Amino acid sequence: MDRLEKPIEYLVRLCGWSSIISVAAIFIFIFREAAPVISKINFIEFFTSTEWHPSKHGEPGEYGALALIVGNFAVAGVAMVMAFPLGLGAAVFISEFASPKVRETLKIGIELLAAVPSIVWGFIGLTVISPLLVDHAGAEIGTNLLNGSIILALMSVPLIVSISEDALRAVPDSYREAGLALGANKWEMVARVLFPAAKNGLLAACMLGVGRAVGETMAVLLATGNTNQIPHSLIDPIKTLTATIASEMNDAARGEEHFQVLFLLGILLLVITCTINLIADLVIKGMKGKANA
Amino acid sequence: MHSQAQNPFGPTPYERKKERASLIAKVVTFVMSMALVIPMLLIIGLIFVKGWSVISVDYLWENPRGGGIAGGIWGPLIGTFFLTLTCLVIVAPVGVLAGIYLNEYAPDNRATRAIMIAVTSLAGVPSIVHALFGLGAFVVAMHMGKSLLAAACTLAVMTLPVIITSTREALAAVPRNFREACWNLGASKWQTIRTIVLPNSISGILTGVILVVSRAAGETAPIMLTGAAAYLPLPENMPDKLMPYYLGDQFLALAMHLNVIARDVPNMPTEMKFGSALVLLCLILLINSLAIIIRVQLRRRKRW
Chain A
117 MDRLEKPIEY LVRLCGWSSI ISVAAIFIFI FREAAPVISK INFIEFFTST EWHPSKHGEP
177 GEYGALALIV GNFAVAGVAM VMAFPLGLGA AVFISEFASP KVRETLKIGI ELLAAVPSIV
237 WGFIGLTVIS PLLVDHAGAE IGTNLLNGSI ILALMSVPLI VSISEDALRA VPDSYREAGL
297 ALGANKWEMV ARVLFPAAKN GLLAACMLGV GRAVGETMAV LLATGNTNQI PHSLIDPIKT
357 LTATIASEMN DAARGEEHFQ VLFLLGILLL VITCTINLIA DLVIKGMKGK ANA
Chain B
266 MHSQAQNPFG PTPYERKKER ASLIAKVVTF VMSMALVIPM LLIIGLIFVK GWSVISVDYL
326 WENPRGGGIA GGIWGPLIGT FFLTLTCLVI VAPVGVLAGI YLNEYAPDNR ATRAIMIAVT
386 SLAGVPSIVH ALFGLGAFVV AMHMGKSLLA AACTLAVMTL PVIITSTREA LAAVPRNFRE
446 ACWNLGASKW QTIRTIVLPN SISGILTGVI LVVSRAAGET APIMLTGAAA YLPLPENMPD
506 KLMPYYLGDQ FLALAMHLNV IARDVPNMPT EMKFGSALVL LCLILLINSL AIIIRVQLRR
566 RKRW
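Keeping their order, the protein sequence lines are chains A and B. So in this note's numbering the end of the first sequence lands on 409, straight run, no missing numbers. So in this note's numbering the end of the second sequence lands on 569, straight run, no missing numbers.
Everything labelled a hint here was simulated from the structure, so no lab data went into it. A hint or two may mislead.
When the alpha-carbon atoms are kept at most 20 Å apart in a straight line, the in silico EDC-like pairs for lysine to aspartate or glutamate are as follows [what the hints assert, rightly or not]:
1) A:223 to A:212
2) A:401 to B:434
3) B:454 to A:125
4) B:282 to A:304
5) B:315 to B:536
6) A:302 to B:280
7) B:291 to A:212
8) A:172 to A:304
9) B:454 to A:121
10) A:401 to B:373
11) B:291 to A:304
12) A:302 to B:284
Computed from a predicted model, the values in this text were never measured in an experiment.
The whole structure should be built from the sequences, with the hints applied where relevant.
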């Protein structure tokens with residue numbers, strides 16, 4: 117056994133580094149594929165134009181990603197407007213008002229809701245929500261910004277609920293007792309004591325929800341209509357960065373400009389989501405630091 | 266009103282107003298919770314109702330025909346099984362050992378904090394970026410081509426944080442004095458982990474493994490660019506039907522199959538779309554229920 121002790125420790129240490137190796141490899145390999153186009157592309161056009169016409173048969177293409185970026189943030193933003201109040205309300209109910217039995221049941225329900233694959237959500241958007249929007253919201257095309265937002269809201273709510281609930285539970289009971297002892301009732305205690313004390317965690321929940329919604333692919337691909345335009349109303353069809361990569365990658369061959377630009381979109385997406393997640397992580401860390409102090 | 270006016274200890278109108286506000290808050294937050302749960306139940310119910318009519322032994326056992334428009338879902342089903350199995354073989358040992366490292370070996374220093382940040386970041390990388398990574402690294406740079414192996418590797422990187430986090434939590438739940446008792450008997454660090462820590466945390470680790478299975482079986486985007494085919498003619502003769510794909514082959518998977526028949530196949534019968542969605546949904550919900558049952562059992566049996 118003693119002879120194995122050292123080799124095993126090295127193996128465990130190597131596996132321990134696997135996550136760092138993976139993150140580094142993701143950056144390296146995506147940059148490697150996008151590299152040839154980074155020096156060639158006009159970045160002003162990339163960020164300000166809405167003309168997206170990939171090159172075909174060697175003709176020069178136009179790559180303006182503005183509508184895709186706007187579409188991506190629009191669908192995630194509208195989804196958060198719906199998901200965050202609902203998620204926060206549900207978290208307050210689960211953490212403060214529900215009896216232990218109801219709490220366990222709801223938490224299991226929400227955990228199962230979180231497990232539903234994104235392709236199933238997309239399918240629901242395409243076959244269930246889309247006809248509803250055509251019939252009742254006056255949309256010409258049922259797959260649009262609103263459809264995508266509803267689906268994304270349903271998808272990101274479980275994450276928001278579980279992180280918000282963690283944040284509320286992390287507030288020490290002595291805060292609650294102090295609030296109640298001063299004559300506050302339960303709602304006043306929640307609104308005036310818990311919300312201020314847990315505001316960092318609640319903010320982080322919202323940001324992680326945004327991160328999830330921005331990066332979501334299949335549901336958005338099926339539910340938003342795939343039309344490259346800046347939306348002017350909730351029922352306009354849109355296209356997102358994620359859906360563009362997913363739908364165009366199989367048409368682009370390696371070595372073509374189109375293929376490399378799609379990897380460039382991947383870098384953009386990676387930078388956006390990493391920034392959102394890191395800020396959320398710092399916010400959560402700040403929260404923990406304060407709780408210990 | 267009259268009787269309360271005579272009771273000096275009864276609630277004042279102000280207090281009653283406050284009580285009402287609290288009750289309203291409880292009702293409103295309850296309604297909000299229900300607004301999350303009820304649509305889910307309705308949607309699952311709808312998928313059941315619309316998809317139930319096609320579910321039969323033949324539907325599960327026949328291969329898809331004619332680009333997916335006819336036949337059943339055997340090929341995608343077995344493809345998802347092999348994909349998940351391959352992914353698990355790759356990610357489970359690495360992920361569990363990484364969890365062991367973080368909880369048992371890692372010193373509290375900058376490097377360890379960097380690993381933790383990497384785990385969080387990896388969990389936040391969008392699935393389509395994982396797909397690009399798989400395409401650039403496994404399909405192109407490592408010459409695997411679009412194949413079952415490349416797709417499984419991509420999924421393995423994607424599910425790594427899931428298994429690291431759950432293993433670490435399972436190990437952290439084993440009390441420190443268990444380890445100390447074992448060290449005092451003269452056991453080495455690895456002996457302690459192997460004989461005391463792992464047996465006491467195996468259910469928690471198993472939960473993580475099950476969550477990886479659920480995640481890998483349900484993902485579409487990463488496998489779409491790295492090896493899942495829209496449609497393949499599959500062998501019908503007996504031994505090959507049970508194992509139609511080798512590691513280097515393109516394959517069918519249930520999630521990809523649903524994506525294809527939901528959008529790309531013209532004149533696809535609606536009930537067959539709902540049938541595929543129903544099978545995928547039931548599969549994922551069953552796998553996750555298993556994880557929940559194990560966790561509840563574990564909590565009930567816990568003695569410390």
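Do the hints match the structure? See the list:
no.	hint	result
1	A:223 to A:212	13 Å, holds
2	A:401 to B:434	18 Å, holds
3	B:454 to A:125	9 Å, holds
4	B:282 to A:304	12 Å, holds
5	B:315 to B:536	6 Å, holds
6	A:302 to B:280	13 Å, holds
7	B:291 to A:212	9 Å, holds
8	A:172 to A:304	63 Å, violated
9	B:454 to A:121	8 Å, holds
10	A:401 to B:373	16 Å, holds
11	B:291 to A:304	12 Å, holds
12	A:302 to B:284	9 Å, holds
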